Amino acid sequence: MRLTFDAADEAFRADLRAFLDEHCPPEARRGKDFVAADEEGVPDWARAWQATLFDHGWMVPSFPPELGGRNCTPLQTLLYLEELAAQGVVRSVHFGGYAIVGPSLLEFGNEAQRALAAPSIRGDIVWCVGMSEPDAGSDLANLSTRAVADGETFVVNGQKVWTSYAPFADKCFCYVRTGTDPEAPKHKGISVLIIDMDTPGIEVRPLRHITGAVEFAEVFFSDVVVPADRLVGELDNGWRITMGSLAHERGGLWVEGVAGSQRALDGLVALARRKGLDADPTVRRQLAAAYEKVASLRALGYKGFASFAQGSSAPEHSYMKLATSELRKELFDLGLDLLGPYGSVTAPELAEEGGRWWNGFFISLAATIGGGTSEIQRNTVATRVLGLPRG
Amino acid sequence: MDFTLTDEQQMVRDTARALLQKECPPALVRAHADDPAAAAPLWGHLREWVVLGDGPTTDLALFAEECGAVVAPGPYFATAALFLPVLRAAGLTEEADAVAAGEATGTVALAGADGRWCTDPVTADPVRTFVPEADGVDRVALVLPGPELLVVDRAQLDITPVATLDTSRRVATLPVPPGARGVSLPAEALAAAIERATVVLAAELVGTARWLVEASVAYGRERIQFDRPIGSFQAVQHQLVDMALDLERATAAVYYAAMALDAGDPDRHRAAAVAKAAAGTAARHAAKSGMQIHAGIGYTWEHDLHLYLRRAYASDDLLGDVTFHHDRLADLLLG
Numbered sequence: 001m002r003l004t005f006d007a008a009d010e011a012f013r014a015d016l017r018a019f020l021d022e023h024c025p026p027e028a029r030r031g032k033d034f035v036a037a038d039e040e041g042v043p044d045w046a047r048a049w050q051a052t053l054f055d056h057g058w059m060v061p062s063f064p065p066e067l068g069g070r071n072c073t074p075l076q077t078l079l080y081l082e083e084l085a086a087q088g089v090v091r092s093v094h095f096g097g098y099a100i101v102g103p104s105l106l107e108f109g110n111e112a113q114r115a116l117a118a119p120s121i122r123g124d125i126v127w128c129v130g131m132s133e134p135d136a137g138s139d140l141a142n143l144s145t146r147a148v149a150d151g152e153t154f155v156v157n158g159q160k161v162w163t164s165y166a167p168f169a170d171k172c173f174c175y176v177r178t179g180t181d182p183e184a185p186k187h188k189g190i191s192v193l194i195i196d197m198d199t200p201g202i203e204v205r206p207l208r209h210i211t212g213a214v215e216f217a218e219v220f221f222s223d224v225v226v227p228a229d230r231l232v233g234e235l236d237n238g239w240r241i242t243m244g245s246l247a248h249e250r251g252g253l254w255v256e257g258v259a260g261s262q263r264a265l266d267g268l269v270a271l272a273r274r275k276g277l278d279a280d281p282t283v284r285r286q287l288a289a290a291y292e293k294v295a296s297l298r299a300l301g302y303k304g305f306a307s308f309a310q311g312s313s314a315p316e317h318s319y320m321k322l323a324t325s326e327l328r329k330e331l332f333d334l335g336l337d338l339l340g341p342y343g344s345v346t347a348p349e350l351a352e353e354g355g356r357w358w359n360g361f362f363i364s365l366a367a368t369i370g371g372g373t374s375e376i377q378r379n380t381v382a383t384r385v386l387g388l389p390r391g
Numbered sequence: 001m002d003f004t005l006t007d008e009q010q011m012v013r014d015t016a017r018a019l020l021q022k023e024c025p026p027a028l029v030r031a032h033a034d035d036p037a038a039a040a041p042l043w044g045h046l047r048e049w050v051v052l053g054d055g056p057t058t059d060l061a062l063f064a065e066e067c068g069a070v071v072a073p074g075p076y077f078a079t080a081a082l083f084l085p086v087l088r089a090a091g092l093t094e095e096a097d098a099v100a101a102g103e104a105t106g107t108v109a110l111a112g113a114d115g116r117w118c119t120d121p122v123t124a125d126p127v128r129t130f131v132p133e134a135d136g137v138d139r140v141a142l143v144l145p146g147p148e149l150l151v152v153d154r155a156q157l158d159i160t161p162v163a164t165l166d167t168s169r170r171v172a173t174l175p176v177p178p179g180a181r182g183v184s185l186p187a188e189a190l191a192a193a194i195e196r197a198t199v200v201l202a203a204e205l206v207g208t209a210r211w212l213v214e215a216s217v218a219y220g221r222e223r224i225q226f227d228r229p230i231g232s233f234q235a236v237q238h239q240l241v242d243m244a245l246d247l248e249r250a251t252a253a254v255y256y257a258a259m260a261l262d263a264g265d266p267d268r269h270r271a272a273a274v275a276k277a278a279a280g281t282a283a284r285h286a287a288k289s290g291m292q293i294h295a296g297i298g299y300t301w302e303h304d305l306h307l308y309l310r311r312a313y314a315s316d317d318l319l320g321d322v323t324f325h326h327d328r329l330a331d332l333l334l335g
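As you go down the protein sequences, you meet chains A and B in turn.
According to this note's numbering, the first sequence is numbered sequentially starting from 1.
According to this note's numbering, the second sequence is numbered sequentially starting from 1.
Hints in this document: simulated from the structure, not taken from any laboratory.
These numbers were taken from a predicted model, which means no experiment stands behind them.
Don't take each hint at face value.
[What the hints assert, rightly or not] No farther apart than 30 Å at their CA atoms in a straight line, the calculated lysine-lysine pairs in the DSS-like style are these: (1) A:K321 with A:K188; (2) A:K186 with A:K321; (3) A:K329 with B:K288; (4) B:K22 with B:K288; (5) A:K321 with B:K288; (6) A:K329 with A:K275.
I would like the entire structure built from these sequences, with the hints used as guidance.
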């Protein structure tokens, strides 16, 4: 066990800092708490920034240069994610392409599909990922959007919901049911299709968040005809692709969760000082308890990384999404508390820090739902990490 | 930071685990509760490991974690984590060398009437409380205002054992002899020694919490009700996950603090407070939820669970409980 990094890793970090100083636009320097891609689509600065990252090998640094990286080590990926989080820099305003679709195409796609990976990671192609449906939320394998094969094409009918970026995506990485055996287990008979979003028969109805922002949508498919060569991987065997997110960065997925908690905590400390609450014994203990959680979870992330880097699984990381998303909810809730009667004020001229606290609180409510609810996270840890029997 | 254990650290952990599992069975812990002399054979095995008190905090913490996992009784913690480092802090090399060689046991008396282990300033109270193992060790190091250190034979003090929840760690109260003076003890070195002992105690607590979590998970797997293991019920699973999460983050916080102390990192003071608070939280949580999951059988005297529950709560109190360390953290964060 040791605290410090080797010279080569420190040099890597220094290179990254120099790159960010030179190239990072001010719009990309913001805490993720505030980021929501707007209804109009991907802003010009975000497009240019993602391409610049890619072209300099800083988009997914563990990838080779032709995929926007520099073949860095797992520890360097961790340093990279940490530095971005510390500076509040976002890589992209839409994670579907570089984090999910690009890596999945590289692993499961045919040659033509693999050629889409680079422009997907560069952000030239904007993707949405069609997973959740009205009756397939936590129970994703229950999805019922159906694709019927007739040799040359698939014909797709059904509905997706909570589909991030659908209002402005070029393509959809869409999970559909192709299996016809009603007796088969639910997760068999699922396939993945690449569907162009301008195909006739697709209707996108944007959904407004409780924050007011529009980021995701309902997507309706009515007799949408998709060429057969858009099937990714094997027919009826698409379930395993759901696990195909950015494996290279899996050891560092916790970094943003901890960084977001740290930003909220720093904000709380500053808020307590401004409001003269930093001498209040109750508030002092609340802030200290919050600090204890943030600091211990950061240590847990690193501890898990040590297991991950050795090639073994990292049970520690199974806890991180659950713990950091629940913690952020507590922290923003505390922020509203510290504001007293002004906690609920949204009027722009009166809301503290431009509405940071109520807005962050609303966003934190989504973090314990999206990407696997806290209940599903606990179920998963219970069975896969603690080895308890399935219910 | 890198949490990968070195070969040597792995060896310390493996050796400690094997030794303590073998030499400190629950029967010994129970016998010690009735007669402290029952822990003497265990000390015979642990004395050669006191030397870890002179080495990196990480290694001593790894050893202590295994002590906590068997709720080891006896003078090991007091001697290796408190007495030896405080002797070193005072420059009492000759005596420290003998202690490191396992030739004598000792403890430190610092907390005054309020029971708080405060090093700045050292209390002028005429009494010392919560002195670990004071009625069994060879020597007692009295920390006096100044600070100064007076090391005396146990027999020279009027020691009163104080019963606590925890029958696996003995504590005592003793009066400071009137007019007592000792050798000069640099304040910074004293504070560092106590901070280090705090992190080592946090490691012990993590070991205690680990047993509670593992025992509860095992019970969840084997206890059948309504024709299935109770660990298949979500209400039980989620309690176990939350216990395990608090344990995991406390474990990481303890090893981070140990590394920060060893490196002299500026973050070490906050890290130590985080470690003890997180470990106390984890152990208390695991004790309460562990009791709920074991239910009736856990509430019996025969079951070992209460030995761990007792140790968890008493060790949280020793060297500052969760609230004490939150207050300390608040001072460090907010001034």
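Tested hints:
no.	hint	in the structure
1	A:K321 with A:K188	holds (27 Å)
2	A:K186 with A:K321	holds (26 Å)
3	A:K329 with B:K288	holds (25 Å)
4	B:K22 with B:K288	holds (27 Å)
5	A:K321 with B:K288	holds (25 Å)
6	A:K329 with A:K275	holds (21 Å)
This entry satisfies every hint, going by the numbered hints stated previously.
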